[in-house]
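Protein sequences, first through last, are from chains A and B. Residues 1302 to 1636 (my numbering) make up the first sequence, in order. Residues 1302 to 1636 (my numbering) make up the second sequence, in order.
Fair warning: there could be bad hints in the mix.
[Stated by the list, open to error] Just a few of them, taken from the derived set where beta-carbon distance is under 8 angstroms, the chain B residues facing chain A: (1) Val1415; (2) Met1424; (3) Asn1426; (4) Val1481.
Everything labelled a hint here was simulated from the structure, so no lab data went into it. In this text, a Cβ means the ideal position worked out from N, Cα and C, and glycines have one as well.
Listed here are the chains, written in short residue letters.
There are 2 protein chains.
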Amino acid sequence: MIITVTPNAALDITYRVPRLRPHTTHRVSEPVERPGGKGLNVARVLAALGHRTVATGFAGGSTGDVLRERLAELGAGGTATGAGTGTRADTRAGSVEDALVPIAGTTRRTIGIVDDATGDTTMFNEAGPTVTAGEWAAFLTGYRKLLAGASAVALCGSLPPGLPVGSFAELIREARTAGVPVLLDTSGEPLRRGLAARPDLIKPNLDELTQLTGSTQPAQAAEEARRRGARAVAASLGPEGILAVTEDGCWQALPPARLSGNPTGAGDSAVAGLLSGLVEGLDWPGRLARAIALSAATVLAPAAGEFDRAAYEELLGQVRVTAVPRTASRPATTS
Amino acid sequence: MIITVTPNAALDITYRVPRLRPHTTHRVSEPVERPGGKGLNVARVLAALGHRTVATGFAGGSTGDVLRERLAELGAGGTATGAGTGTRADTRAGSVEDALVPIAGTTRRTIGIVDDATGDTTMFNEAGPTVTAGEWAAFLTGYRKLLAGASAVALCGSLPPGLPVGSFAELIREARTAGVPVLLDTSGEPLRRGLAARPDLIKPNLDELTQLTGSTQPAQAAEEARRRGARAVAASLGPEGILAVTEDGCWQALPPARLSGNPTGAGDSAVAGLLSGLVEGLDWPGRLARAIALSAATVLAPAAGEFDRAAYEELLGQVRVTAVPRTASRPATTS
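Let the hints inform the model, and build the full structure from the sequences given.
Have a look at this one:
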């Protein structure tokens, strides 16, 4: 069983408009509502890959109730409700077990307005609810119980108001104590603090890695992140694929071609690929090929955050994974 | 007791952003959520004026639940929840009794994005839920019971999918049978059909009146609407105030000055002014003065759809109401 943790879960609401015209009134399409937040996206892909997946984090208020309803529907074959034609991708979603902890606050919403004329999306993101110390304690009790039966855990996204910035570090320490491999996908200070607790893997993008280390050079920045505590770093570099820097070696994995589509959720699909590959005992090139193929199949899917299974299976054999030489963690002087 | 009917009620959700930039991601202010749809706006103002007010119509699904919670909170002194500083107007709302009929469908939402840089609002409106024949029958049973104790009824807004276009006409006939004065504030075909059932008053704006009669000249169009069945017509003309054409005479009522502010809900406040004046036995100039003052105080209030009570009381004495000569219902030939 794989655990995904989404401390700042959201209900993602998507509308389509023929054309977005600021300061006018629009009639919108029927809303597509789905469980959102990075960890829930990862959970959905893991379940679709056939892994038993338990999603935890927090949910509260009327929006939390709707989020849990939508999560429960995943197992019933749907990937999103309220969808019109063409918005259900071929994910064949498995069910995700709901271990979200109830809170007094109200789960946040994100509103996405898709402009059909350009394909672009305008996002409006609410702030998360405040999580109390008592709610965090209840979460920790449940998390420890889940760890006893877990093969891996993914800690994903931002921390809602109320949680200490070191919360992910605490969850990493618990996982390490239980002997469960732990992946951390967050940014800023929660990432910085998390590293000190020595996660098995982090999956920053280049911006996050640069913010963390000060280096804009992926290989150097990844080595620096390892020096600060990450056992392995899988840096997602957009069209440049993924650079993995690990104790077993370094690899660059590239998609077969430049892709056009909606990149929403591509990083979360990569996390699901890496984690499922780890649990299944794949070697690094195998894990990276899966991460890249899932990520690309997510960009190609018509609905944001879904993946196109046929594209995934086809792309899996086409990903190029190359071993690259290890970079010194300090830049060589070139003058 | 006054009844307001809102067949297509909505939960109005308002966010503020520093500046709306299409195709980017925005962090939004805490949402302000309030019961929406014309009839619920009218009910809120009637209650604030001290009238016992019962709101009926339909509510369903999780959005319907939130709408009813917000409606219940009106009586507890709040005018909207989730409001940050500066968004609660001085409405001192009274309570509105909830007689909304449960439906299987989900109440619609409207999302308003206020651009703080310009003050303009961009609206995204969901379509209403389908109302079944059984739900309409349940509504009618409750409506007839309410009519037995009512001093007036306002029928407001659009009809949701599923309701016959003649639904307002049916509600007007029921009110007339019960001897209860009825105001109709709708547009298009439901207005056209409603007229044939002879409502006591309609409150179209000039666009609605022109669409109905083909005439762009307010006095002529109002006379034509009376010929088609309306006992009286109060045409709202924006900055030109209200033109009332009745069996007792014709009046033009003007605000004391051009106003700047948010016109959202100004028409609904005018309806509340007209209806409360009727119930209190005010003459037409008195009703029109109240409608104009409430409407202007709504434009001046910081929050959309609220009204500024101090401004209302000050403006009430400043509204100019002038008797105007009756227009022939056919235009004079001028050549």
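A quick look at each hint next to the structure:
1. Val1415: With Cβ-Cβ at 10 angstroms, over 8 angstroms, it is violated.
2. Met1424: Because about 4 angstroms separates Met1424(B) from the closest Cβ in chain A, which is inside the 8 angstroms limit, the hint holds.
3. Asn1426: Because about 6 angstroms separates Asn1426(B) from the closest Cβ in chain A, which is inside the 8 angstroms limit, the hint holds.
4. Val1481: violated, 33 angstroms
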